[in-house]
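Residue numbers (UniProt numbering): 1 to 111.
If you're looking for bench data, these hints aren't it; they were derived computationally from the structure.
Nothing here was measured: the structure is a model prediction, and the numbers come from that model.
A hint or two may mislead.
Said to hold, decoys possible - Okay, the calculated beta carbon distance ranges per label pair:
id	residue 1	residue 2	range
1	N32	E104	17 to 25 Å
2	G67	W106	17 to 25 Å
3	L40	E97	22 to 30 Å
4	R30	I7	20 to 28 Å
5	W63	A29	31 to 39 Å
6	L70	R30	14 to 22 Å
Using N, Cα and C, we set each Cβ at its ideal position, and we do this for glycine too.
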Amino acid sequence: MTTFLAIAFGLSLSLILLGFWADRSAVRARINGANGMPILVALIVSFLGSLVVALIAGIFGGWATMGWILLLTIPYHVGLAAFLIWRLQSLATRIGEIARREQERWMKPKA
């Protein structure tokens, strides 16, 4: 059961980080339009997958295992989402500041 849960956790984290990296690449390339959709979809798919993992763990590992997985999956996803969105927001702020400085530099009249 431990191996199964470790693999499920690894897949969940990989999926969420893949969504984060997709959003991060869009922000760094200054592409408008993604607006956090990849990370949102990854979080939803990961959460639904966690429910399936909890059901399988309940069947094969006992209902107490299912309860613990359900109890811990919500703070895991909420905490990870909050942290990664905070990181994306700080990156977007830095990129925006750089873009603003570049625009000001190009808009200055030449003497």
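Inset, instruction - Would you pick out the hints that fail for this structure and give their numbers low to high? - result: When the structure is compared with the hints, numbers 2, 4, 5 and 6 turn out to be violated.
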